[in-house]
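Novice: The chain contents come next:
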Amino acid sequence: MTKGVWVVFATAMLVVMGTVVMLWFLLQSNFSAREEPMELEVMIARQLRHLAMPKEQKQMANPVPASDEVLTEARVHFADHCAICHGNDGRGATQIGQNFYPRTPDLTQAETQSFSDGELFYMIQNGIRFTGMPAWGKDRPEADPESWKLVHFIRHLPRITSEELLEMERYNPVSRMALEEQEQIDRFLQGDEADPPSPAHHH
Amino acid sequence: MALFVPGIAAAHGKAKHVFGTITGLDTAEIQVLTKDGKTVSIGTVAETKYKNRGKEGGENVPKVGDRVAVDVTEKDGKFTATEVQFSSAANPQKPMKE
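Chain order of the listed sequences is A and B.
Mapped onto the working numbering, the consecutive letters of the first sequence carry residue numbers 1 to 203.
Mapped onto the working numbering, the consecutive letters of the second sequence carry residue numbers 204 to 301.
Next up, chain A with everything else stripped away, as it sits in the complex (with noise of 0.2 angstroms):
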């Protein structure tokens, strides 16, 4: 055999190995979220992210100006829409959160923090496949400011106040059942002789 065809047959191994490898692991796990991530595989999956990034993605600087109200603006909407699973100071204890594979991550630490503003605001647009993380973008990206000042509000997370987080929860979305039960609970605490919520299972 020449040597062109030994490449071609050892690649040809290695890929079968490395499909044998993976479907013997994801049958092992049965498929299940419970278990964390191997660390090999939390490396591929961020290379191939990273990889499948495009250069001029991760090299665009941020189009909107930081201030005071954009700030405010962002803060307002990743209470209301990434806040359920992220939380309000963006490390991610959240039932949601911490029951996704893979976990979702503390925002607030290098991991999040070292991505570029065009990094973060790709993995906002586009979402991060086979993970709990949606595409929220349906513009083209110098059509969506939105997503740029949630860029700045990630960047302040690890400086975000008690104040900015007790405003935030007002913003939280909140089911019609858990406002009666929050209703229920406050005229308890304010001396109501009313008996607390009555215990039923709900989600």
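Just so you know, these hints were derived from the structure itself, not from any lab.
Please note that a few of the clues may not be correct.
[Said to hold, decoys possible] Subject to a maximum C-alpha distance of 20 angstroms in a straight line, what follows is the list of computed EDC-like cross-link-like pairs (lysine to aspartate or glutamate): (1) B:Lys266 with A:Asp186; (2) B:Lys252 with A:Glu169; (3) B:Lys238 with A:Glu183; (4) B:Lys252 with B:Glu277; (5) B:Lys254 with B:Glu286; (6) B:Lys238 with B:Glu262; (7) B:Lys254 with A:Asp106; (8) B:Lys281 with B:Asp229; (9) B:Lys281 with B:Glu250; (10) B:Lys254 with A:Glu183; (11) B:Lys238 with B:Asp279; (12) B:Lys252 with A:Glu167; (13) B:Lys252 with A:Glu163; (14) A:Lys58 with A:Asp117; (15) A:Lys58 with A:Glu119; (16) B:Lys252 with A:Glu119; (17) B:Lys254 with A:Glu119; (18) B:Lys254 with A:Glu180; (19) B:Lys254 with A:Asp186; (20) B:Lys254 with A:Asp89; (21) B:Lys238 with A:Asp89; (22) A:Lys138 with A:Asp80; (23) B:Lys281 with B:Glu232; (24) B:Lys252 with A:Asp186; (25) B:Lys254 with B:Asp229; (26) B:Lys238 with A:Asp186; (27) B:Lys266 with B:Glu277; (28) B:Lys254 with A:Asp192; (29) B:Lys254 with A:Glu167; (30) A:Lys55 with A:Glu119; (31) B:Lys254 with A:Glu164; (32) B:Lys252 with A:Asp106; (33) B:Lys252 with A:Asp192; (34) B:Lys252 with B:Glu286; (35) B:Lys254 with B:Asp274; (36) B:Lys252 with A:Glu183.
For this one, chain A is given, so just place chain B on it according to the hints.
Specialist: Same frame as chain A, but now just chain B:
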């Protein structure tokens, strides 16, 4: 079991509420006297959130005598508080009937 104890009600998902009056507390635990006269011990952790619902800008630390609604998770029969909503005993309000 706890679902059927008066003063403890199911909340969202696996969480439950414990309603009552604080009879004792320290850095690691809160004791709550529920409406049916039972005392429930609830562990607190660094992540436990506190909200004073009785007074805007009031103290954010509950005291003995405050009414509370505590969101708890239960594991191996032990309760851990995720959120403590309380109304300061210093506020004008009706005491809980025993």
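Novice: Against this structure, judge whether each hint is valid.
Specialist: Taking the hints in turn, this is what the structure says about them:
1. B:Lys266 with A:Asp186: holds (18 angstroms)
2. B:Lys252 with A:Glu169: The given pair, whose Cα atoms are some 13 angstroms apart, holds under the 20 angstroms limit.
3. B:Lys238 with A:Glu183: holds (19 angstroms)
4. B:Lys252 with B:Glu277: This hinted pair holds, its Cα atoms lying about 17 angstroms apart.
5. B:Lys254 with B:Glu286: holds (8 angstroms)
6. B:Lys238 with B:Glu262: Not satisfied, since the Cα-Cα distance of roughly 25 angstroms exceeds 20 angstroms.
7. B:Lys254 with A:Asp106: With a Cα-Cα distance of about 24 angstroms, the restraint between Lys254 (chain B) and Asp106 (chain A) is violated, given a limit of 20 angstroms.
8. B:Lys281 with B:Asp229: holds (17 angstroms)
9. B:Lys281 with B:Glu250: Cα-Cα ~17 angstroms, so holds.
10. B:Lys254 with A:Glu183: holds (15 angstroms)
11. B:Lys238 with B:Asp279: Between Lys238 (chain B) and Asp279 (chain B) the Cα gap is close to 24 angstroms, so the pair fails against 20 angstroms, i.e. violated.
12. B:Lys252 with A:Glu167: holds (15 angstroms)
13. B:Lys252 with A:Glu163: Roughly 14 angstroms between the alpha carbons, so the hint for Lys252 (chain B) and Glu163 (chain A) holds.
14. A:Lys58 with A:Asp117: Holds, because 7 angstroms separates the two Cα atoms, which is no more than 20 angstroms.
15. A:Lys58 with A:Glu119: holds (5 angstroms)
16. B:Lys252 with A:Glu119: violated (33 angstroms)
17. B:Lys254 with A:Glu119: violated (37 angstroms)
18. B:Lys254 with A:Glu180: holds (18 angstroms)
19. B:Lys254 with A:Asp186: holds (11 angstroms)
20. B:Lys254 with A:Asp89: Since the Cα atoms of Lys254 (chain B) and Asp89 (chain A) sit roughly 17 angstroms apart, the hinted pair holds (cutoff 20 angstroms).
21. B:Lys238 with A:Asp89: violated (35 angstroms)
22. A:Lys138 with A:Asp80: It holds: about 18 angstroms lies between the C-alpha atoms, which stays within 20 angstroms.
23. B:Lys281 with B:Glu232: Judged against 20 angstroms, a Cα distance of about 11 angstroms means the pair holds.
24. B:Lys252 with A:Asp186: With Cα atoms ~16 angstroms apart, Lys252 (chain B) and Asp186 (chain A) stay inside 20 angstroms; holds.
25. B:Lys254 with B:Asp229: holds (17 angstroms)
26. B:Lys238 with A:Asp186: At roughly 16 angstroms apart (the allowed maximum being 20 angstroms), Asp186 (chain A) and Lys238 (chain B) satisfy the hint.
27. B:Lys266 with B:Glu277: violated (23 angstroms)
28. B:Lys254 with A:Asp192: Answer holds: Lys254 (chain B) to Asp192 (chain A) is near 18 angstroms, not above 20 angstroms.
29. B:Lys254 with A:Glu167: holds (13 angstroms)
30. A:Lys55 with A:Glu119: Between Lys55 (chain A) and Glu119 (chain A) the Cα gap is close to 9 angstroms, so the pair holds against 20 angstroms.
31. B:Lys254 with A:Glu164: Satisfied, since the Cα-Cα distance of roughly 15 angstroms is no more than 20 angstroms.
32. B:Lys252 with A:Asp106: OK: Lys252 (chain B) and Asp106 (chain A) at ~19 angstroms, within 20 angstroms.
33. B:Lys252 with A:Asp192: violated (23 angstroms)
34. B:Lys252 with B:Glu286: Holds, at about 5 angstroms.
35. B:Lys254 with B:Asp274: The hint holds at about 11 angstroms.
36. B:Lys252 with A:Glu183: Holds, at about 19 angstroms.
In terms of the numbered hints stated before, the structure departs from hints 6, 7, 11, 16, 17, 21, 27 and 33, listed from lowest to highest.
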